[in-house]
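Peer 1: Single-letter residue listing:
Protein chains: 4
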Amino acid sequence: MTHVALFGAGRIGRIHAANLCSLPGLRLTHVCDPIAEQAAALAQLTGAAASTPEAALADPAVQAVVIASPTSTHYELIERSAAAGKHIFCEKPVDLSAERARECAARVRAAGVACMIGFQRRFDPTFEQAVAELRRGEIGEPEMLIVTSRDPAAPPAEYIRHSGGIFRDMLIHDFDVFRWVLCADGDEAQWISAAGSVLTDPAIAELGDADSTAVTIRTRKGRLCQINTSRRAAYGYDQRFEILGSRGMLQCGNETRTRVVRWGADGVRSDNPEAFFLQRYAAAYRAEISHFFACLQSGARPGTTVEDGVQAQLLADAAAASWASGAPVTL
Amino acid sequence: MTHVALFGAGRIGRIHAANLCSLPGLRLTHVCDPIAEQAAALAQLTGAAASTPEAALADPAVQAVVIASPTSTHYELIERSAAAGKHIFCEKPVDLSAERARECAARVRAAGVACMIGFQRRFDPTFEQAVAELRRGEIGEPEMLIVTSRDPAAPPAEYIRHSGGIFRDMLIHDFDVFRWVLCADGDEAQWISAAGSVLTDPAIAELGDADSTAVTIRTRKGRLCQINTSRRAAYGYDQRFEILGSRGMLQCGNETRTRVVRWGADGVRSDNPEAFFLQRYAAAYRAEISHFFACLQSGARPGTTVEDGVQAQLLADAAAASWASGAPVTL
Amino acid sequence: MTHVALFGAGRIGRIHAANLCSLPGLRLTHVCDPIAEQAAALAQLTGAAASTPEAALADPAVQAVVIASPTSTHYELIERSAAAGKHIFCEKPVDLSAERARECAARVRAAGVACMIGFQRRFDPTFEQAVAELRRGEIGEPEMLIVTSRDPAAPPAEYIRHSGGIFRDMLIHDFDVFRWVLCADGDEAQWISAAGSVLTDPAIAELGDADSTAVTIRTRKGRLCQINTSRRAAYGYDQRFEILGSRGMLQCGNETRTRVVRWGADGVRSDNPEAFFLQRYAAAYRAEISHFFACLQSGARPGTTVEDGVQAQLLADAAAASWASGAPVTL
Amino acid sequence: MTHVALFGAGRIGRIHAANLCSLPGLRLTHVCDPIAEQAAALAQLTGAAASTPEAALADPAVQAVVIASPTSTHYELIERSAAAGKHIFCEKPVDLSAERARECAARVRAAGVACMIGFQRRFDPTFEQAVAELRRGEIGEPEMLIVTSRDPAAPPAEYIRHSGGIFRDMLIHDFDVFRWVLCADGDEAQWISAAGSVLTDPAIAELGDADSTAVTIRTRKGRLCQINTSRRAAYGYDQRFEILGSRGMLQCGNETRTRVVRWGADGVRSDNPEAFFLQRYAAAYRAEISHFFACLQSGARPGTTVEDGVQAQLLADAAAASWASGAPVTL
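Residue numbers (the working numbering), protein chains in the order written: chain L, -11 to 319; chain S, -11 to 319; chain D, -11 to 319; chain U, -11 to 319.
What the hints contain is simulated information worked out from the structure, not anything from laboratory work. It should be emphasised that the depicted structure is a prediction, and the values quoted were computed from it without experimental measurement. Please note that the accuracy of each hint is not assured.
The list cannot tell twin chains apart, which means a pair is met if one copy fits it or any two copies do.
[As the list claims (entries may be wrong)] Straight-line C-alpha distance at most 25 Å; calculated SDA-like pairs for lysine to any residue:
1) K209 x A315
2) K209 x A222
3) K209 x A309
4) K80 x N7
5) K209 x R2
6) K209 x Q285
Work out the full structure, taking the sequences as your base and the hints as a guide.
Peer 2: See the structure below:
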């Protein structure tokens, strides 16, 4: 029975807790959150104890930690967990500073523990299937990747203030998708150009951030990637990508709750995309946690590492710099 | 904590066991199966005890039973469970004899226990949503129901020999869908006409059964229902229906595992339907068991009752008679 | 230059006139209609002369006639045209009496002229492609045909009074589709069962007709066909069929004017089907006329003959008899 | 009867000729092409005379010319036709030099003739419907435009050598779409960044051109446009765009020849997009010519003017410059 500690009992922490409980061979033993009631409630629901990071990391029975606390705490919790010899699953991003993310990576390497970053898109059944078919050569060589990534509604300005900006907060997932899809053969980003605008809420402009972006990446091999994002899509959470290859195209559509099609006087209507990430990526959250613990058991390297976290962060930094300067960044 | 006994540790029994284990507030305590190893294996996996119906029904802590044993045993297990005052969830059909199914229903009523029949289609998210929209009046009055129900491949002749025939084995679900969709306002079947053929395997003809059927039902209110079924659809498990109403149509499409679309020289390709019922109705199996226990807790009447089982059986009998005689049956 | 006479300058006559004018090598020389202004207007538009059947049939330059006049006139015009040695393209049906249709067929055969009946569905690009793939063996042996045929709105009662009833007026096309799809290898209808209801307009019941029907046909080889029709589909003209074969399924969807998809808060909306037959079958009307004259030129037999008209009529009669009696008809 | 002269009897000239012949009130009287047999063949087919630009422009009966000759001749033919007082429909582009295109525009203005440039995408039924819905406010304010524009296969290197490069040859249509969709309210491009690669044929690199491009445009109002193009899409001619607005999204899908869907063991397959522009834009070619002559008759200004040609050319120049320098261009 693998004992696990969870740091963070908020929205995403509760998702991970539920998934941990459904996996055979695991026991969630510590739930840690500075908001005591939140920790207590989740501990009771899961049969774990409300605890502290100190106690959890000192508990020799704990083999792994799941970090679902605010971004600003990731850095320290990763380093302390690594130092305590615990394997680590951490929500993205490693840190808003790529420098510190790199330090984290070094510490993790030195400690010899596994550290997986929660880029859950890599575990979405549709995305995973498309990439598997790409790897099998079904569309020949990949040439172009078009990523559409739109949230249903902009978060409150207060969230945005501490988010690191849209490139680090929202596009980091898309940069990881870019690396996953186009860079598996050692190719890498060489040139990145980002445009951005504020179209949904002037408060976002006052914070110096954008809510709509258009990014282009060119790789060393000449592959092209375009990412378009918006903080607002009135029709739901829009998460698609398509890969053009030398012999065809793979397209990943949105998930919907049902397959009902309504034929009426005003057209033929199917479901909206899922409302937001918790619904859309429910299966992916289950799969990534399951994958992480399966890797611990088998000794395999998890599908996404802290190094992937660093690389995505570097692309986010480059995109933010390109947007700020109005000029492309060469990597 | 509600204690539950499971009768039958085969394919569908294992599905129910897994779903029972995932529901909070339930404990699966008895797993019964004449094949001792099968019972033992599932008992171990779920933390229950391998047991016998006698022991399970004698255990005062057991409040409910789930019957997932062969059809021929349903009748007796329902009656014994009802006599023991246990609430009952039973896989379809109640019995291959409508007469005996009626007796069951009487015993259940007399015992005052809940008895839900596993017409899982009613809990499929797509089907459920379509019917909810119909009930809300989104397409006006229902006028026509077209049901497509095709298995991926015919079962072995040996299975068919004991199946009660295609109308009782396979179409019973479709007859229940007919009643669910078109008869909620008290309407009922008045005229039924069935055609059938053997097109997949001559062995089926030797058993006096059909593998392809085309059934039409007319209700007292003049609504029309057409059901087409086949034991073989080379492209997967095909489960659709559409409801024509006075103001529009609701169409229920097949589920697919992913939303990948492949564009190649030979066309634009999306996923096949799910392979078979265990995959297609996975969510429905979870939902029906959850519904049953929620009803026990709240005192509500389950969405499908033993009476629904009887009525579907009567339609199956009428269809079989119509096919045998080549003439319609008036109900 | 082939000279052609047109009988009937109404809605469908004008369609045929436009298509005749766009075909190279043809000249429409006579337009005949008892409503003189209607004939004159169409004659002027097309550069033809307003004329009479007598004059047209006496004109030795006229090689072919297109009959687009009311159903009740078809019989006589076919016979007179055949007697005059003119090739004939005639709108469906040959006649509301199968007996008279047969006489027509005999006269046509005796006269040695070509006589094509306007079953335009056979020339619809989507339907034609599906049948071509079926013939090429793409789905193996055909086993089941499901035809959905729904008009957008019921015609006035006055139209229905003279229509011959829904089976002869509306389903005749679907019976021809059945023959086209399932009977190309010599198979034929053996058993037919029809149900019908009045669900849209009580005036239809007073005329002794139905507005909603559900027909099943079983062929000698055991193939099954289900046809569902309604005089009213609130969402447009719904014309689909699907063919289940031993190795797959071919499905023909509705045409739409555009491929715009609208994503809004209320779902994802695509176009309604085309409004009615003139729009949906515009390409088919062009193709059938083109085919007819290409056959005249090459000496090939047109794809649909007066014999097809007779056979569809016999199925319509059988369906009407089945509905009237409540019992199936064996052919 | 409006007399029309056609310059150019090649592929696109023949399309225009056929459409001219089908329009009532028009007579194609001159067909001019330096390849005498080509001119003669088309003249014979259409009932026009094989002629020369001199003769056509000198013919006082000719009111309009259609220019479908090679790009390098457009400039001179527009100027001579304008000088002769003829109205002009000219295939894109006006000229590969924006400078000369501007001169053309000035001469056209001075002559007071109509001059429409053949940006046929604006007349595609799907694209036109989407833009009409945008203008009606169905999705609120436009914010983002994603254009996918992929040819089925790269043209011969010899074609590319004289094409002006991919930005002027292929993307000019997409730049016009950008202006049509996002700039109707006076907004305009402010910042443009282009990336390009050679991924299909090294010969294209030797010519200094790209075969794959990724362009981003930001408008003065902050709207964002991303265009991705490729000279090769193995699955057909891929022409889509989607418009994200403040209240929804409009998506334009590809046209297909039929609506057949094939369900087989290897998935669910629908038609490929139309093969290339002549098929995909057949309706658009008809509509644009019809629109041009309707404008001449009514005195309305055609939907696309020589000024639109100039503006698209300027964007193509800016994109080419951005690609060459690796830096964005501010307009």
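Peer 1: For a quick check of understanding: which of the numbered hints are violated here, in increasing order?
Peer 2: 5 and 6
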